[in-house]
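All residue numbers for the sequence shown refer to the working numbering, where the first residue is 4 and numbers rise by one.
Hints in this document: simulated from the structure, not taken from any laboratory.
Every value quoted in this text rests on a predicted model; they were computed, and no experiment measured them.
For every residue, glycine included, the Cβ atom is placed at its ideal position computed from N, Cα and C.
There's no promise every hint is true.
[Unchecked claim] Here are the simulated DMTMM-like pairs of lysine to aspartate or glutamate, each with C-alpha atoms no more than 20 Å apart in a straight line:
(1) K123 / E601
(2) K77 / E67
(3) K620 / D387
(4) K647 / E601
(5) K374 / E429
[Stated by the list, open to error] Cβ-Cβ distance ranges computed for the label pairs, FRET-style:
(6) D65 / D351: 37 to 45 Å
(7) R381 / S464: 47 to 55 Å
(8) T321 / P466: 27 to 35 Å
(9) R268 / G102: 50 to 58 Å
(10) R243 / L411: 47 to 55 Å
(11) P516 / A117: 15 to 23 Å
(12) P85 / E353: 18 to 26 Å
(13) P516 / I636: 20 to 28 Å
(14) N223 / A476: 27 to 35 Å
(15) N223 / A117: 38 to 46 Å
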Amino acid sequence: MKARLLLSVGLATSWAFPCAGQELASATPAGAGAPPAKAQTTAPAPAPKPVPAPAPSLSAEDAELVALQAEIKKSFRESVTPFVKNYCQQCHGNRRSKGGINLEVALRNPGAVAFSKHWKAAIATVNSKDMPPDDEDALPTDAERQAFVDWIAKLKFLSPKDPGPFVIRRLTKVEYGNTLRDLYGVDPAIAHALPDEVFGEGYMNTLSPLHLEEYLGIANEVLDKVLAPLDAPPTETQKRLFGDAPAPGADPRAAARNVARSLARNAFRRPPSEAELDTLVAVFDLATQNKLTYPAALRLMYKAVLVSPQFLFITPATEAPAGSKIVPLDDHQLASRLSYLLWATMPDAELMELADSGKLHEPAVLKGQVKRLLLDRRSRALFDGFGAQWLQLGELESKTFDTTKFPLMTGELRTAMYDEARLFFESVVRENRSVVSLVDSDYTFLNGTLAKLYGMEKTVSGPEMRKVKLTDANRGGILGMPGVLATTSFPNRTSPVKRGVWVLEQVLGQHVPPAPPNVPALEKQDQNAVANMTLRQRTEMHLTNSVCANCHKVLDPIGFGLENFDAIGRWRDQDDTGGAIDAAGELPGGKRFTTPKELKGIIAARTDDLARNLTEKLLAYALCRQIEGYDDIVVDRLMETIAKDGYRMQTLITEVVTSYPFLNRRVQN
Numbered sequence: 004m005k006a007r008l009l010l011s012v013g014l015a016t017s018w019a020f021p022c023a024g025q026e027l028a029s030a031t032p033a034g035a036g037a038p039p040a041k042a043q044t045t046a047p048a049p050a051p052k053p054v055p056a057p058a059p060s061l062s063a064e065d066a067e068l069v070a071l072q073a074e075i076k077k078s079f080r081e082s083v084t085p086f087v088k089n090y091c092q093q094c095h096g097n098r099r100s101k102g103g104i105n106l107e108v109a110l111r112n113p114g115a116v117a118f119s120k121h122w123k124a125a126i127a128t129v130n131s132k133d134m135p136p137d138d139e140d141a142l143p144t145d146a147e148r149q150a151f152v153d154w155i156a157k158l159k160f161l162s163p164k165d166p167g168p169f170v171i172r173r174l175t176k177v178e179y180g181n182t183l184r185d186l187y188g189v190d191p192a193i194a195h196a197l198p199d200e201v202f203g204e205g206y207m208n209t210l211s212p213l214h215l216e217e218y219l220g221i222a223n224e225v226l227d228k229v230l231a232p233l234d235a236p237p238t239e240t241q242k243r244l245f246g247d248a249p250a251p252g253a254d255p256r257a258a259a260r261n262v263a264r265s266l267a268r269n270a271f272r273r274p275p276s277e278a279e280l281d282t283l284v285a286v287f288d289l290a291t292q293n294k295l296t297y298p299a300a301l302r303l304m305y306k307a308v309l310v311s312p313q314f315l316f317i318t319p320a321t322e323a324p325a326g327s328k329i330v331p332l333d334d335h336q337l338a339s340r341l342s343y344l345l346w347a348t349m350p351d352a353e354l355m356e357l358a359d360s361g362k363l364h365e366p367a368v369l370k371g372q373v374k375r376l377l378l379d380r381r382s383r384a385l386f387d388g389f390g391a392q393w394l395q396l397g398e399l400e401s402k403t404f405d406t407t408k409f410p411l412m413t414g415e416l417r418t419a420m421y422d423e424a425r426l427f428f429e430s431v432v433r434e435n436r437s438v439v440s441l442v443d444s445d446y447t448f449l450n451g452t453l454a455k456l457y458g459m460e461k462t463v464s465g466p467e468m469r470k471v472k473l474t475d476a477n478r479g480g481i482l483g484m485p486g487v488l489a490t491t492s493f494p495n496r497t498s499p500v501k502r503g504v505w506v507l508e509q510v511l512g513q514h515v516p517p518a519p520p521n522v523p524a525l526e527k528q529d530q531n532a533v534a535n536m537t538l539r540q541r542t543e544m545h546l547t548n549s550v551c552a553n554c555h556k557v558l559d560p561i562g563f564g565l566e567n568f569d570a571i572g573r574w575r576d577q578d579d580t581g582g583a584i585d586a587a588g589e590l591p592g593g594k595r596f597t598t599p600k601e602l603k604g605i606i607a608a609r610t611d612d613l614a615r616n617l618t619e620k621l622l623a624y625a626l627c628r629q630i631e632g633y634d635d636i637v638v639d640r641l642m643e644t645i646a647k648d649g650y651r652m653q654t655l656i657t658e659v660v661t662s663y664p665f666l667n668r669r670v671q672n
């Protein structure tokens, strides 16, 4: 027993990635380090001098890009450098770097990915006229501001063609449970003891000591559920996994290697390498050396599979050719990347068959598989993984509400709010509707509990969620969904500011600068002075502060346009003070509205912004990293195809899956 435990812990903490060594320098999980380099015992023979290869001739497209880059660099020297030195460098340079932004350094290499966040932040603040501050002696003209913003938008063309940092990530808690279910028939709830993910961009690629302990414990549970006790007859699953015991006189080690090949092939979601099989057979050997029987030795080898990084992470099947910088994903890794994106579980038999035959990467085949997976019921995982993050509904279950003011906010209502958004998202995807439908639609999904918020309790009853036609045009789409409205509220009242920020960032993809320090919350205003004011009037007091005004004049009207919905999404004509709701507003460009319906129409009309934002967010989710550098050019090209097909959701998802960064990986040398 002691030998078994020590071996299992050793496997979990030191088994190196196959084919991963060099290219995973920044993506190798903590605790799963690469093998030590071999000591050099003799001086290596001098390498032959390389023969310079003839310079390749540029294609017309590449030549055009080179010319464009030269023009952009010239424009940078003439327009952007003076702008930064005159208006930005004093506060954001080497001597002072307010907000951690040093544009003086960024000037030296403007196209570097490391500075992309700085430039994007600069766009937002310069465009909104938050920077430079109004109290500066010298302020740029509107023409200077526009020239600066226009140039920053061209930064992407300075990026080389590159799929970006490649992330080999571990399976999420949900993916891990689903995979154990599909492999061995165990309840996915077996993974409940794992800690929940804390999402940054939404993806994990590390292993903590806590995770290692939990994975070992879960592996033991799986073994107990799948395998019979050592002295009992084998279960049917055990026969399927281990096959028959070797006949008397046969080589048990050879039989164990065949078992290892089968176990690893299924668990790793790809054919194992011979080196990986050697490692597993070494576990079998150590077990037999410790006098374990053949079934007990296989049991330990099986446990080694369950705690291996190759099972817990999505790893490549083949090594990159020597000297490669960028290589296509092999078909098995592509199958896993696709399946975990859309189903949150391992590839099914059809995907694996296509990967085995080397056909999955063919464009027509891959597009057909995307459609097949999206029409399968398992594709609800796309909402649970991506959609809920995008709409920020993950916090809905635990969000606190004033129970006196909102007694309806029960666990059943929270579940119904989430399911409404999920079913609506799924319907838009499966029916291949336009992204516009996400914002402006004439139907939703309700049950009796949620129907009360819509004032439809007389026509919708019972616990079952069903599709419902809406006659109130103020409803329909994500802006009027109670789950979204509740998430963007405070525990005891609405928040026009939070709702405005949510629409700008999550729906339209705009960057909203953080609030300046020392801005008092509404609750800290002089209560006597604001006693007779509506929430709108109190919020508009921010407009008297020049530092706040530029942002609030854009985001507040959106939030005010949704004020007819209270903190849990019920329609109202008066706010908490008894004052009449004023939902009128004006957005940049002279777009006026007086109702949520009219606001939705304005937002829905920005089809390109809606589609681009969703494309960028889905691409980031699929790649497990932020969008940067060459990715912006990729998104430009995706948008051309998506727009030609009416911005349909299946086209958007398919374009992401067949995009250059999704199908290729950078090799780390």
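Beta-carbon spacing of D65 to D351 - inside the hinted bounds 37 to 45 Å or not
40 Å, holds
Would you say the C-beta atoms of R243 and L411 sit inside 47 to 55 Å of each other?
50 Å, holds
I want to verify a distance hint. Is the separation of the beta carbons of R381 and S464 within 47 to 55 Å?
Since the Cβ atoms of R381 and S464 sit about 30 Å apart, the hinted range of 47 to 55 Å is violated.
What's the verdict on K374 and E429, does the C-alpha distance respect the 20 Å limit or exceed it?
Judged against 20 Å, a Cα distance of about 13 Å means the pair holds.
Given the hint of 15 to 23 Å, is the C-beta distance from P516 to A117 inside that range or not?
20 Å, holds
Straight-line Cα separation of K123 and E601 no greater than 20 Å?
30 Å, violated
For the hint 27 to 35 Å, verify it against the beta carbon of T321 and that of P466.
Because 50 Å falls outside the window, the suggested range is violated.
With respect to the beta-carbon atoms only, verify the hint that P85 and E353 lie 18 to 26 Å apart.
Check failed, 59 Å falls outside 18 to 26 Å.
Take a quick look at whether K77 and E67 sit within 20 Å of each other, Cα to Cα.
Distance of about 16 Å is within 20 Å: holds.
Against the range 50 to 58 Å, how does the distance between the Cβ atoms of R268 and G102 compare: consistent or not?
51 Å, holds
Taking 38 to 46 Å as the stated bounds, is the beta-carbon spacing between N223 and A117 within them?
Since the Cβ atoms of N223 and A117 sit about 44 Å apart, the hinted range of 38 to 46 Å holds.
Return holds or violated for the Cβ distance of P516 and I636 against the range 20 to 28 Å.
With Cβ atoms ~26 Å apart, the hint holds.
Violation of the numbered hints given earlier is confined to hints 1, 4, 7, 8, 12 and 14; the remaining hints are satisfied by the structure.
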